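Participant: Work from the hints to combine the two standalone chains into their complex.
Protein chains in written order, with the working numbering: chain S, 9 to 362; chain G, 62 to 298.
Everything labelled a hint here was simulated from the structure, so no lab data went into it. Where hints are given, some of them may not hold.
Claimed, not checked - Below, simulated DSS-like cross-link-like pairs (lysine-lysine); rule was C-alpha separation at most 27 Å, straight line:
#, chain 1, residue 1, chain 2, residue 2
1, G, LYS81, G, LYS115
2, S, LYS223, G, LYS168
3, G, LYS81, G, LYS292
4, G, LYS285, S, LYS235
5, G, LYS285, G, LYS241
6, G, LYS292, S, LYS235
7, S, LYS223, G, LYS285
As the list claims (entries may be wrong) - Simulated restraints, written as ranges between beta carbons of each label pair:
#, chain 1, residue 1, chain 2, residue 2, range
8, S, LEU155, G, LEU194, 29 to 37 Å
9, G, ALA98, S, PHE282, 30 to 38 Å
10, G, ALA182, S, ALA31, 56 to 64 Å
11, S, ILE23, G, ASP238, 58 to 66 Å
12, S, ARG44, G, GLU189, 54 to 62 Å
13, G, LEU183, S, SER224, 26 to 34 Å
14, G, GLY196, S, ILE326, 46 to 54 Å
15, S, PRO150, G, GLU189, 56 to 64 Å
16, S, LEU82, G, TRP124, 35 to 43 Å
17, G, TRP124, S, GLY210, 28 to 36 Å
18, G, GLN130, S, LYS223, 25 to 33 Å
19, G, GLU246, S, SER224, 27 to 35 Å
20, S, GLY171, G, GLN130, 51 to 59 Å
21, S, PHE27, G, ALA182, 57 to 65 Å
For clarity, every value in this text was computed on a predicted model and none was experimentally measured. By construction, the Cβ of each residue, glycine as well, lies at the ideal position given by its N, Cα and C atoms.
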Amino acid sequence: MLTRTLARLSWVDLILRVFQIIAAIVIVIGIVNVFRSNTYTSNQWATLVFAGLAQGSIYALIALGYTLVYGILLMINFAHGEVYMAGAFSTVFLAGYFSNTGFLQSSPILAIIIMIIFAAAVSTAIALLLERIAYRPLRNAPRLIPLITAIGASFTLQYTFRGLYGAEFKSYPQVPALSGTVNVIGFDVPLVQLVVFFAAVGLMIALYLYVERTKSGKAMRAVSEDKDVARLMGIDIDRVIVTTFALGGALAGAAGVFNGLFRPQGVFFFMGFFPGIKAFTAAVLGGIGNIPGAMIGGLMLGLIESLGPNSIVEGLGIPSANQLKDAIAFSVLVLILIYRPQGIFGERLAEKKA
Amino acid sequence: MAMLEVNDIHTYYGNIHALKGISITVEEGEIVTLIGANGAGKTTTLRTISGLLKPRQGNVTLWGEDIVQYAAHEVVFQGVAMVPEGRGVFAKLSVKENLEMGAYSRKAGSGIRQDMDRMFALFPRLEERIGQLAGTLSGGEQQMVATARALMARPKLLLMDEPSMGLAPILVDGIFDTIKEINQEGTTVLLVEQNALMALSIANRGYVLQTGEVVISDSAENLKVNETVQKAYLGID
Ligand SMILES: Nc1ncnc2c1ncn2[C@@H]1O[C@H](COP(=O)(O)OP(=O)(O)O)[C@@H](O)[C@H]1O
Ligand SMILES: [Mg+2]
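Here chain G stands alone, though its shape is the one from the complex (with noise of 0.2 Å):
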């Protein structure tokens, strides 16, 4: 049994059909990752995952058990954390404070102390800005704010909605070296990005969405070599 089953999805806003029957599967352990252009449905496709919009139609699995039926606030418990697309810090809130409600899910004395200690070695920046409130970062330091706090959660499935976005170019690799290393601690990670590349370079698999529907889904090493999808998102002719 796979990880995360998304089945035949269709989710709409109003009246329009963002997902059109798109299907995922993630299994333990893997970096998966979902790549499209702007408007493909990307960002719509993990909300629904995780809770905050509801599809009309499919069905999603989180081992073998639907989770549709959860709230949003429910499914963090099952062990889905999401950052999201533009990372969405608590600005008004220190950085110890947004990552003590990363913690929101867990039990008061379950080991979150030494987690957010784990979370200061894996982003020591995070440590000298500890009680600094969370707006005034750089959004170098506000992705590691969402990541570490999304890691709170100690989640076994972690949602990422472009990380990189909006990051000057060193910054990025740190990114992505940082979710490799979630990953090999044994968080599975489902991934979206503009940054194919990056991506792909990563990734296990990948699907490629396109108006909301699944156009190529393949292993990471073919998508990249995959002649359509270096013309449309690897920017090689």
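If we strip away everything but chain S, and leave its shape as in the complex, we get (with noise of 0.2 Å):
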């Protein structure tokens, strides 16, 4: 029985067991350290809850545009990342405007509406521009070829973006109305961390309802099993791919103003890179073309950000653990790939598809 099982094991699944049994126990290790040592009190845990969640949020939003356009087309876009760039930056010339004449003060909600809608315009813009031109005429090429393509957008987009707007960080102004902490279960919670999660999740509740409960939404499940099927129906395949890349470019658009409000620092041409990355690694970590796999993916990877470096790497005695945030988010990936590539409600790597 023994001998069979390991005649089974390849020499590369061994030593990919080893490395499975080696990550876990030094994972464990270190949340024994640290849970053991006492450092942090429960109120600094639940802070950095909160801010995971707002974080996560961020990037599930983000991960839902490599979702359905994977859904569809078997292919990830990676030029993602810079539609959500596109949105975030524009909107920072407009966020500031609102500020200096006051509006983002004496109307908030409706000044930030506004924002959203606008940097939602940008990145589909950004998005359709992209299908159009980078993707559809390779729609029937070998899976490598958009890839590349898609990395070559990418950069083509910072750099338009760079010489559109400059090389110089921005910053989204502060929101008076969202500065202050609300109580939630006893703990101090920044009020913006809240907004930014419950929009979020509203944004992400109506794309479920649309995909679950529309006509559009029901073709675009049609097309996502199977084309030539779809098409029998009357379903134009054309349609659904452009209103897949739409609904992903608004997501990112409204995810890129929700960073602002949350992290207002650090607005430029590159800041697409890291965020895409990771919310890439958040659609894997769910599942890829999974969309609920997406949305919890986002959370989790927002939370394993948040929670990982104090909780794991600081016990494992690693000094400035906070600065190996991005290290962990990559890890993760690392980890998916090496336990379960299919993700959390994945099924297998859909090659049957391809």
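Facilitator: So this is what it looks like as structure tokens:
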């Protein structure tokens, strides 16, 4: 019995197994050390949880763009980080204008809604341009080709926006109405985090209802299962693809504004790179192509990134753990690819559909 | 004027010359069957009619209008629906959603609800499974979904590609009874079958395809007693 099992294991499997076990042990040791030493109060942990949820909801919105497009075209739109950047970067000027004229202070809700709509419009426009110019001509090309094109498109967009708006860092203005804290089950939570989290969750629910309940949402699911049969139903595939890119773009644009409210600094032409990769990680974590997966994956990645440095890395005696946030996100990506490449909700990798 | 006229179509997969000049006519109200061995070009013919493939030569007319000019998703608006080979149900959509997709080409409120009830009268099993994901149904039930879904478009011409494929023999009788019923209610049927005997028993006329060409075309009665057909497709020596 045992020998049979062993015989079936290849060397690669064996090495991966050993690596899995080592990774699990390291994580457990880190966590145990931190909690034994009692370094942090429960209030500090709560702060990290709420910040993680707010950041995670932003990742989730971006991750949905990857997952929607993958679901329809089996293609990773690696320029999606730039779609996010386009909305976030363009809207920083509108936000500044609203702040200077006092509009942001006098009617913050309306101002923020206008900012979200503006960012969504810009990001959608960029996403549609990408689809039309970069991806549609390559629809029947081997799968590696659009991937390379996406990387090229990323650079093109980054430097186009650098040319448009300059290379300096910009900042979103402070929104006085969002600067307080709110008491949630006994913990003081920054209001802005709650607003970002609930607004993002609201958008996700709206998307979910669209995909599940509306005729065009159902058509989208039909196309993601079988394009030819969907055509036989009378569904115009091109229109569904365009809608998919538009939805992903709009959510990324909204995420750009939420990011500006939550972390006002650091708006520049390269700002899409890390959130893009992290949102991609979140989408893979949830199971690429799976919509609820992208939502849960985003929130989980936000939490892991927020709690990880203090709860795991620090316990291993590694100094300045907080600067290792990005490393944690990418370790997560590596670990999922080793442990569970199909993600939490995904089925086996989608070769069957290819 | 015939309802459907397929005139000398040549369809290719890359360099593979799959249809080498197929001509077929279907009159309104008929059941016409295409029989032939695996790889003869039956599926390719149906996919060319439905617009999924474009012929390099020849044309397809519906009531005299060329439908090759239409994209696949536009052909259904002309009154042609297809039950694809292997059924092609949307596995992750519920039975109800599959039927709704069948009616995608129709305007809301054009009697879609009533038609769905008609489908449940035709296939009571589907009503019991209305909320279930189509992928979890048995093969026979999936065939019902695929057929009902195509009918939801209210087609004038229904293309069916091997509806009996992979089904238990007891179910096959039911499928052919249903096809007859659909036809009697006014839908013209172009039926592709490997089960030639069954197909000929309900069809008015038939065409025998062989390596991309029509080799025999005759009435169903004549085909049933045709020596070549009996040898090759009916298993009679
Ligand atoms: N996707 C495809 N690519 C290349 N050749 C194909 C493809 N589909 C079918 N063919 C070829 O076209 C011919 C006709 O196939 P098909 O129409 O599927 O036959 P049938 O439905 O009668 O079994 C066969 O020789 C088959 O190998
Ligand atoms: Mg076939």
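Participant: So if I understand the rule, the pair passes when the alpha-carbon distance is 27 Å or less; does LYS81/G with LYS292/G pass?
Facilitator: 24 Å, holds
Participant: With respect to the beta-carbon atoms only, verify the hint that LEU155/S and LEU194/G lie 29 to 37 Å apart.
Facilitator: 32 Å, holds
Participant: Holds or violated: are the alpha carbons of LYS285/G and LYS241/G at most 27 Å from each other?
Facilitator: Roughly 18 Å separates the two Cα atoms, so the pair holds.
Participant: Mind checking the alpha carbons of LYS223/S and LYS285/G for me, to see if they're no more than 27 Å apart?
Facilitator: Violated, at about 46 Å.
Participant: Please check whether ALA182/G and ALA31/S have a Cβ separation lying inside 56 to 64 Å.
Facilitator: 58 Å, holds
Participant: Against the 27 Å threshold, does the CA-CA distance of LYS223/S and LYS168/G hold or violate the hint?
Facilitator: 11 Å, holds
Participant: Has the hinted range 51 to 59 Å been met by the Cβ atoms of GLY171/S and GLN130/G?
Facilitator: 44 Å, violated
Participant: For the pair supplied as a hint, LYS292/G and LYS235/S, is the alpha-carbon distance within the 27 Å limit?
Facilitator: Given that 27 Å is the threshold and the Cα spacing comes to 39 Å, the pair is violated.
Participant: Is the gap between the beta carbons of GLY196/G and ILE326/S within 46 to 54 Å?
Facilitator: 47 Å, holds
Participant: Is the distance from the Cβ of TRP124/G to the Cβ of GLY210/S consistent with 28 to 36 Å?
Facilitator: 51 Å, violated
Participant: Within 30 to 38 Å or not, the Cβ separation of ALA98/G and PHE282/S?
Facilitator: 58 Å, violated
Participant: Against the range 56 to 64 Å, how does the distance between the Cβ atoms of PRO150/S and GLU189/G compare: consistent or not?
Facilitator: 45 Å, violated
Of the numbered hints stated above, those contradicted by the structure are hints 4, 6, 7, 9, 15, 17, 20, listed in ascending order.
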